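Residue numbers (the working numbering), protein chains in the order written: chain A, 1 to 368; chain B, 369 to 736.
Subject to a maximum C-alpha distance of 25 Å in a straight line, what follows is the list of computed DMTMM-like cross-link-like pairs (lysine to aspartate or glutamate):
| id | chain 1 | residue 1 | chain 2 | residue 2 |
| --- | --- | --- | --- | --- |
| 1 | A | Lys152 | B | Glu379 |
| 2 | A | Lys152 | A | Glu186 |
| 3 | A | Lys107 | B | Glu614 |
Derived from the structure by calculation, the hints contain no laboratory data. Just so it is clear, the structure is predicted and the values come from calculations on it, not from any experiment.
Number of protein chains: 2
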Amino acid sequence: MTHPRLTPLAETLPATVPFIGPEAQERARGTAFRARIGANESGFGPSPKVQAAIAAAAGQMWMYGDAESAELRAKLAEKHEVSAQNIVIGEGIDGLLGLIVRLWADKNAPVVTSLGAYPTFNYHVAGFGARLVAVPYRADRESLSDLLDAVKRENAPLVYLANPDNPMGTWWPADDIQRFIDALPETTMLVLDEAYGETAPAGTLPPLDVTRPNVLRMRTFSKVYGLAGLRCGYAIGEARTINAFEKVRNHFGMTRMAQIAASAALDDVDYLQSVITQVASCRDRLAQIATENGLAAIPSATNFVAIDCGGDGAFALKVMQALISRDVFVRKPMAPGLDRCIRVSVAPAAEIDVFERALRAALTDARG
Amino acid sequence: MTHPRLTPLAETLPATVPFIGPEAQERARGTAFRARIGANESGFGPSPKVQAAIAAAAGQMWMYGDAESAELRAKLAEKHEVSAQNIVIGEGIDGLLGLIVRLWADKNAPVVTSLGAYPTFNYHVAGFGARLVAVPYRADRESLSDLLDAVKRENAPLVYLANPDNPMGTWWPADDIQRFIDALPETTMLVLDEAYGETAPAGTLPPLDVTRPNVLRMRTFSKVYGLAGLRCGYAIGEARTINAFEKVRNHFGMTRMAQIAASAALDDVDYLQSVITQVASCRDRLAQIATENGLAAIPSATNFVAIDCGGDGAFALKVMQALISRDVFVRKPMAPGLDRCIRVSVAPAAEIDVFERALRAALTDARG
Numbered sequence: 001m002t003h004p005r006l007t008p009l010a011e012t013l014p015a016t017v018p019f020i021g022p023e024a025q026e027r028a029r030g031t032a033f034r035a036r037i038g039a040n041e042s043g044f045g046p047s048p049k050v051q052a053a054i055a056a057a058a059g060q061m062w063m064y065g066d067a068e069s070a071e072l073r074a075k076l077a078e079k080h081e082v083s084a085q086n087i088v089i090g091e092g093i094d095g096l097l098g099l100i101v102r103l104w105a106d107k108n109a110p111v112v113t114s115l116g117a118y119p120t121f122n123y124h125v126a127g128f129g130a131r132l133v134a135v136p137y138r139a140d141r142e143s144l145s146d147l148l149d150a151v152k153r154e155n156a157p158l159v160y161l162a163n164p165d166n167p168m169g170t171w172w173p174a175d176d177i178q179r180f181i182d183a184l185p186e187t188t189m190l191v192l193d194e195a196y197g198e199t200a201p202a203g204t205l206p207p208l209d210v211t212r213p214n215v216l217r218m219r220t221f222s223k224v225y226g227l228a229g230l231r232c233g234y235a236i237g238e239a240r241t242i243n244a245f246e247k248v249r250n251h252f253g254m255t256r257m258a259q260i261a262a263s264a265a266l267d268d269v270d271y272l273q274s275v276i277t278q279v280a281s282c283r284d285r286l287a288q289i290a291t292e293n294g295l296a297a298i299p300s301a302t303n304f305v306a307i308d309c310g311g312d313g314a315f316a317l318k319v320m321q322a323l324i325s326r327d328v329f330v331r332k333p334m335a336p337g338l339d340r341c342i343r344v345s346v347a348p349a350a351e352i353d354v355f356e357r358a359l360r361a362a363l364t365d366a367r368g
Numbered sequence: 369m370t371h372p373r374l375t376p377l378a379e380t381l382p383a384t385v386p387f388i389g390p391e392a393q394e395r396a397r398g399t400a401f402r403a404r405i406g407a408n409e410s411g412f413g414p415s416p417k418v419q420a421a422i423a424a425a426a427g428q429m430w431m432y433g434d435a436e437s438a439e440l441r442a443k444l445a446e447k448h449e450v451s452a453q454n455i456v457i458g459e460g461i462d463g464l465l466g467l468i469v470r471l472w473a474d475k476n477a478p479v480v481t482s483l484g485a486y487p488t489f490n491y492h493v494a495g496f497g498a499r500l501v502a503v504p505y506r507a508d509r510e511s512l513s514d515l516l517d518a519v520k521r522e523n524a525p526l527v528y529l530a531n532p533d534n535p536m537g538t539w540w541p542a543d544d545i546q547r548f549i550d551a552l553p554e555t556t557m558l559v560l561d562e563a564y565g566e567t568a569p570a571g572t573l574p575p576l577d578v579t580r581p582n583v584l585r586m587r588t589f590s591k592v593y594g595l596a597g598l599r600c601g602y603a604i605g606e607a608r609t610i611n612a613f614e615k616v617r618n619h620f621g622m623t624r625m626a627q628i629a630a631s632a633a634l635d636d637v638d639y640l641q642s643v644i645t646q647v648a649s650c651r652d653r654l655a656q657i658a659t660e661n662g663l664a665a666i667p668s669a670t671n672f673v674a675i676d677c678g679g680d681g682a683f684a685l686k687v688m689q690a691l692i693s694r695d696v697f698v699r700k701p702m703a704p705g706l707d708r709c710i711r712v713s714v715a716p717a718a719e720i721d722v723f724e725r726a727l728r729a730a731l732t733d734a735r736g
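One chain only, chain A, in its complex shape (with noise of 0.2 Å):
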């Protein structure tokens, strides 16, 4: 039979997916993962008072979310020092991420972001038929200069950076964001995606400012709070550019697990506090262990670390698939001058002792 038409634009794209999940790849292999540190989830966990938080809520889920997430907005609100109306909820960054695209980015419209950045962006970006424009990172560091050169000659109406970023954990100080932002164009969309900020040095992330309308600053419950499971993040902007999202987002699409759990997590500061000590703590630990395999690792604000394997992309992807093979989940950077990295998150001590045991074969495997 004949199929329905999909839209040209929908015809031409393919049916992808911007990562391979672990779970697919246990399906595939056969095989359960010993260490999951591939995703910069947090293997610490959310908060105890969260996970009775959400005990408790079980037997509310038959009512959808509130629509407008008011009282997770007002904590954020009250937490950021802005007002409510500067937040909006979304299922994740990367739902947000795709609304980003879908208000500011027009078909074939340019969209600058950092070759090897992240694929969830240019996942969205294809998405919506718009033109992705992509720059090389310099030193493992997303390029400002070159960033806000191709800003300029595309006349962009949309750009992307993270700080700290992913997947190679650098980042800029928050002087040199700020420059940025100064230097951009007023029509052009900053999508300042801050996922990792809460494990970055003191002084990462410029000071908010909400009267400015073209930047969005992207947070999550994700990463150091261990939500991701949950779906939950914000944008934080100027009034009249958050309300654009009134226009096109999914309004009962947040879960009120997320909403009580995101607002329970928030709640709980000392855990919080506890969890950026251990990641910390853990970069460390993953840094040495690269040291004594004679590695180096990537200096990391981040949840994870970027460790150099002292060869090409062709060896770095040997030592993962040596690691998956000893059911180790890491990922791998794939841009050209990054894939010399392997990405490892981090996780509680014991698969950590996992990856460390398998990192000392898989080099092996991987040189042999």
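With chain A's structure known, arrange chain B on it following the hints.
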């Protein structure tokens, strides 16, 4: 400062919401509702076994959900006797409807629905710049023949039909729906919304036929399963049609909690059956309450009852407002003809008691 330019389409869209949620109403009123029977949720709640599964899974929420929802899809495939390739899981039917419009309705394309049918579908049609063609109900049912005529006249790529219907609760027997499907042009995609399928009389849902590329059967865990707050819906269809969602869906958008809860809900067949029984008996009670107040209940196959208030739209609006002022959350159809009704969701007896007492007073108010 200048605002970055929205896309020309986004510029034309209003910041709007398909429904005002009960929480937003409570905030505006400054009072909580005593009976939450306006959003066709299931006040009977999720199964105790599902609640236990949710509580047990709290500690796992640091992991992103499986991007393929493989376990849940496998269970649904078994239940429906289709392949997992015939099923796509999404963030409620609402989320999937957005993707469907995006995939099959290009800008300015005519999209057929019934006048007064699901506002969230209409919201997505507008949101992607397609053109809504709305066919009036006949005798409180969606008119299959008029829908078909409109599809053919407009050469529409997409048509929406809910069976059983929302907001009226009416339904067509499977044979009529099957004839509608058979008569549909192969180039037209039918979104057959069966959110209320479980509470319909036997013989309402036509057999699944996953060889047919132009029919998507929409199901949800938000109604009888009592999991609206976790956003989990799915579409059943022909494999290549289902695969099209891989082009645009937010692959990691499903919460792990929804996957776990929905899976547990499928296992508890007894609970499902008990809810279906309670829904039927509550519909009867709502009909009786209507009769005792001199009103007529529209026969319903859903988890709500549309009650004809016996006057015009303005009168029914007064009744609804008088109920709301008595802390009873109900809604009403708005389209001409249908608007003589209010719509009341089934619920445990205590809430229906509140409704019963409030209705008498609300009618006195509205008539006075």
